[in-house]
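S.K.: In order, the protein sequence lines correspond to chains A and B.
Going by our numbering, the first sequence opens with residue 1, and the numbers climb by one from there.
Going by our numbering, the second sequence opens with residue 1, and the numbers climb by one from there.
Treat the hints as calculated values from the structure; they're not laboratory data.
Errors might be hidden in some of the hints.
[Said to hold, decoys possible] Residues from chain B that face chain A, not an exhaustive set, calculated with beta carbons under 10 angstroms: (1) A95; (2) P375; (3) E376; (4) P496; (5) D498; (6) L500.
Just so we're clear, the structure is a prediction, and the values are computed from it rather than from any experiment.
We treat Cβ as the ideally placed atom computed from N, Cα and C, and that holds for glycine.
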Amino acid sequence: VSAAVSIVVPALSPSPHLERALLALDAALAPRGWIDELVVVDDSGRGELGPWVALRCRGARTLARTENGGFARALGDGVRAARHALVFAMNSDLEPRAGFLEPLIDALQDARVFAAVPRVLRRGAGEQRVESLVRLVERGGRVQVEQPFVERDAPARVLAGPCALPFALGGAFLVRRDEFLALGGFDALFEPFYMEDVDLSWRARRAGRTCLHVPDSLCVHENQATIARVAPRALIAAAEAKNRLLFEWLHLDGAALERHLQALDELALAAWLEEDRGALEILALALEQLEGALAARAAAPRADPFEVLARACDPLR
Amino acid sequence: MRIALVVHGLPPHERTGVETHVDALAAALAGAGCEVALLAARRSRGLPHLAQRSERRGRVALTWLELCEPPRDVAEEAEPPGVAEAVGEWLDLAAPELVHVHHLRGLGWGVLAAVAARRLPLFYTAHDDHAVCHRVAHLRPDLSRCESLGDAAACARCDRAVELLHGVPELGDWHLGVEPERLAPPLRAELARRLAGDDGGHARALAERARADARRSAALAQVERVFAPTRRVLELLLASGLPRERVVLQPYGIPPLQVPPAQGAGRLRVGFFGGLSKHKGAQVLLEACAGLAGVELVLNGDSSDRVFVESLRARAAELGARWNGAYAAAELGARLAEVDLVAVPSLWVENAPFVIREAFAAGRPVLASDLGALPESVRDGVDGRLVPAGDAGAWRAVLAELAGDRAQLARLTAGTRAPRALADQADELIEHYQDALAAREAAQTAPALPEHLTAFQARRAALACEPFERLHARVRDGLARLRAGLGHAPSPTRAPDDALRRARDLLRDRRRESAWRARAAGDDRAARASLAAEAAWLRGLCESGADDLAGARAAREALAHESAWLRQVVAALERERDWLRGLLAALEARAGDHAALREHERWLRGEAVRLLEALEAAPTQAPADPAALAAALEHAPRRAAALRAELEWRRAQMQRALDEGGGVLATLLAPTPLAARLESWRAGAPEARA
Chain A
1 VSAAVSIVVP ALSPSPHLER ALLALDAALA PRGWIDELVV VDDSGRGELG
51 PWVALRCRGA RTLARTENGG FARALGDGVR AARHALVFAM NSDLEPRAGF
101 LEPLIDALQD ARVFAAVPRV LRRGAGEQRV ESLVRLVERG GRVQVEQPFV
151 ERDAPARVLA GPCALPFALG GAFLVRRDEF LALGGFDALF EPFYMEDVDL
201 SWRARRAGRT CLHVPDSLCV HENQATIARV APRALIAAAE AKNRLLFEWL
251 HLDGAALERH LQALDELALA AWLEEDRGAL EILALALEQL EGALAARAAA
301 PRADPFEVLA RACDPLR
Chain B
1 MRIALVVHGL PPHERTGVET HVDALAAALA GAGCEVALLA ARRSRGLPHL
51 AQRSERRGRV ALTWLELCEP PRDVAEEAEP PGVAEAVGEW LDLAAPELVH
101 VHHLRGLGWG VLAAVAARRL PLFYTAHDDH AVCHRVAHLR PDLSRCESLG
151 DAAACARCDR AVELLHGVPE LGDWHLGVEP ERLAPPLRAE LARRLAGDDG
201 GHARALAERA RADARRSAAL AQVERVFAPT RRVLELLLAS GLPRERVVLQ
251 PYGIPPLQVP PAQGAGRLRV GFFGGLSKHK GAQVLLEACA GLAGVELVLN
301 GDSSDRVFVE SLRARAAELG ARWNGAYAAA ELGARLAEVD LVAVPSLWVE
351 NAPFVIREAF AAGRPVLASD LGALPESVRD GVDGRLVPAG DAGAWRAVLA
401 ELAGDRAQLA RLTAGTRAPR ALADQADELI EHYQDALAAR EAAQTAPALP
451 EHLTAFQARR AALACEPFER LHARVRDGLA RLRAGLGHAP SPTRAPDDAL
501 RRARDLLRDR RRESAWRARA AGDDRAARAS LAAEAAWLRG LCESGADDLA
551 GARAAREALA HESAWLRQVV AALERERDWL RGLLAALEAR AGDHAALREH
601 ERWLRGEAVR LLEALEAAPT QAPADPAALA AALEHAPRRA AALRAELEWR
651 RAQMQRALDE GGGVLATLLA PTPLAARLES WRAGAPEARA
């Protein structure tokens, strides 16, 4: 397993966590003889990151965007500019540990695997508190994204070997470059952020592919170090809620979709009765993108019902 | 432009000037293209306090806010509990771009803070003196005029007097005041005392008033622009401390008035229009017209001061004045057509009565009191006459003059000019609104968000400004499109209709009520906890009091015992004292004996010395007579033996006297049972007392 990897790190500005990430990458890539490529995508829109990155990691290449476009667009640019067939998408607040790449590359040897996901630990927590073990559950017509092992330890059997995941966390996954681009990368429908990674993985899943959690690959995540530092909480919550609706409109079907539409009717009525304009504003924000969502839904391949697909890749199954 | 208007009342519940004007102004603004949401207070039977009910009035979205609980004190009058929050909820739903507050009587100054908290441009029209006089009219409760401005002590005296009058139900709704002569003498005296600040509650009232005034000033400081309909109000606002650049003179406009052709009549027909409250002075006008030849008085209007209205009506019937009663705005033209001139005999410092403008619109001259801002509206000798306020004689004279001088009446009628149109005022207001919004927009700094978030943030901000019902309609429409796009049947959920709206209103009422009950229950719980703590403290106090009492009883008994014992000790000491006195007397007697014995001993020693000297000298001084010598020699031993014996006796006596003295001394010095008792008492006495 010696395939070279392009590591793409979108970054908004110089920061202590980016510095730690670069040092960690330097330490992790050096033993591989620097056969890999490190691309830092400068998403500041002002080209201010290049010299700063060069000072900290001589092996890194900086790709400057002319405008600030957010994580999804910056990652897309980075992947397109990548030289290798494998791309590791990485958030700037992630610190990979030595040897993190090999198990992931190994996992991608299986052609059915769309993305390989490292075991992402929350900084300061133990090695069994795993952010990357995610679930996707439909309850009452609403899709819930769950990270069950952030607040409690993951059982040893889940960490004993690779297991299927419903999606790959956007901030840490290895993917084939061409496949990522062929799927269109992260859908701009989900701008400004959140759920774009779930959507991408789910589109692959609908096409019969899977995401694989690889516990032997370790990374540490600095929680709330990027977008939470530059955007108000209410805006983040609104973006998340809006995109959850869009994801549901794209991917729910059958009985789950019926339940979803009923839930929306109830939500709108309850919001009207309780004069809760916050809930209506979220619905209105999502409905402004309805046409785009319906077009994306129409373009998605037919697949098993949502709950069947979700159950098959539930790490708690 | 979405505008929210707030006013303390509105027709048909309130028909006086400001309420009618705001009703018309809202329609005019809507007519000029603004989206107008209007909140007005009212009191309805069967609806809970602070309930809100919405309806459409033409193009205006009207919301009634029910105010059913009167304020309980000065603080609640200034800021009634829950009102600001209710207005805030309404603002959140109406999502206006700016708010124009017209009157806050009953609503309280907290409404301004609720608007400011939402960072909306805030306008306020000072229709009267409410912004500087909490009683609005610069009238004291005895209907005398108040000349103070911002004098909390004077206002507190009014508050105390108002408290007194509130406690006299037979006065009815006495509104701004009552003539003292209508009060029973003790009540009148108490009213005078309170107005002089001579009663016990003045200090408390002053503190409360100062607090309420400070809250009012703070609330007004948040207003972006204050409109004053007259120069007088403008000057008052400036004198109260508002900055000049924020106060704008804006004369009233009135809506078009349809007046049928006047009907000729022989007598001079004088019309009174408006609120039949004491401070409006209809009673003065009635007395001025009493028996006045060639003059017919026509009274139009009503008020909630039923006691006064009924007395006025009875007096009008007695004097032959015509009583037309209340009228709707649409009837005004016809009623104005029935009079030759309009009288405004106000006793309070009037600002800009709409009836003057309406009279001019109908081409009727106006007789007005020479008070307040009335001279700004009526040009004396041009379109009316100014008459001393409250002076029935002066009014009578002017009316008699006009009744006899129809040429003067015709000149005054010709001097009237059309008042400003309401549409003109609305246009001016819209310009102010636009200026404020533009300034607000220019002042807003760009958010420090990354660029890729700004578009999303802008969408959120735009939706946040959308009125609630429109937002809901947009969502319903979107959800219908979603169902259609997904190939699903339309939603079975029905669109909100009136029944659902009523259900929502009820739901809101219940929610507010339950929140209020929860708060009240919380207060009750806190009060109960406080009472329980107090009761426990009192119980503890009682228990420790009982212990103290038992201790005191025991101490008293111990003291009684000690007292009895001390009495015994005193008796024993007295006995001992007497015994000691006797002993002392005996000792003194022994001391006398001892002294005598010492004297005798000294004499004996002298005698012995002499005898020995004689014996020693005898051989050298032998007597010539041998017989005598022999006799002497023979006698000398006997004599010596006798002296020796006597000396021994004396010595023995002295020894006995000494022994007796020493015995007495020993008795005195030796520990006696009594001394021992005294010693033990001294040692134990402090403990016994403790």
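S.K.: With reference to the structure, classify each hint as holding or not holding.
M.R.: Hints and how they fare:
Against a cut-off of 10 angstroms between C-beta atoms, the interface hint on B:A95 holds, since the closest Cβ of chain A lies about 8 angstroms away. Taking 10 angstroms as the C-beta cut-off, the interface hint given for B:P375 is violated, the closest approach to chain A being about 49 angstroms. Interface restraint check for B:E376: the shortest CB-CB distance to chain A comes to about 45 angstroms, outside 10 angstroms, so the restraint is violated. For B:P496, the shortest C-beta to C-beta distance to chain A is roughly 6 angstroms, which falls under 10 angstroms, so the interface hint holds.
With 10 angstroms as the threshold, the beta carbon of B:D498 stays out of range of chain A, its nearest partner Cβ sitting at about 14 angstroms, so the hint is violated. Interface restraint check: B:L500 against chain A, minimum CB-CB distance 8 angstroms, threshold 10 angstroms, status holds.
The structure shown violates the earlier hints numbered 2, 3 and 5.
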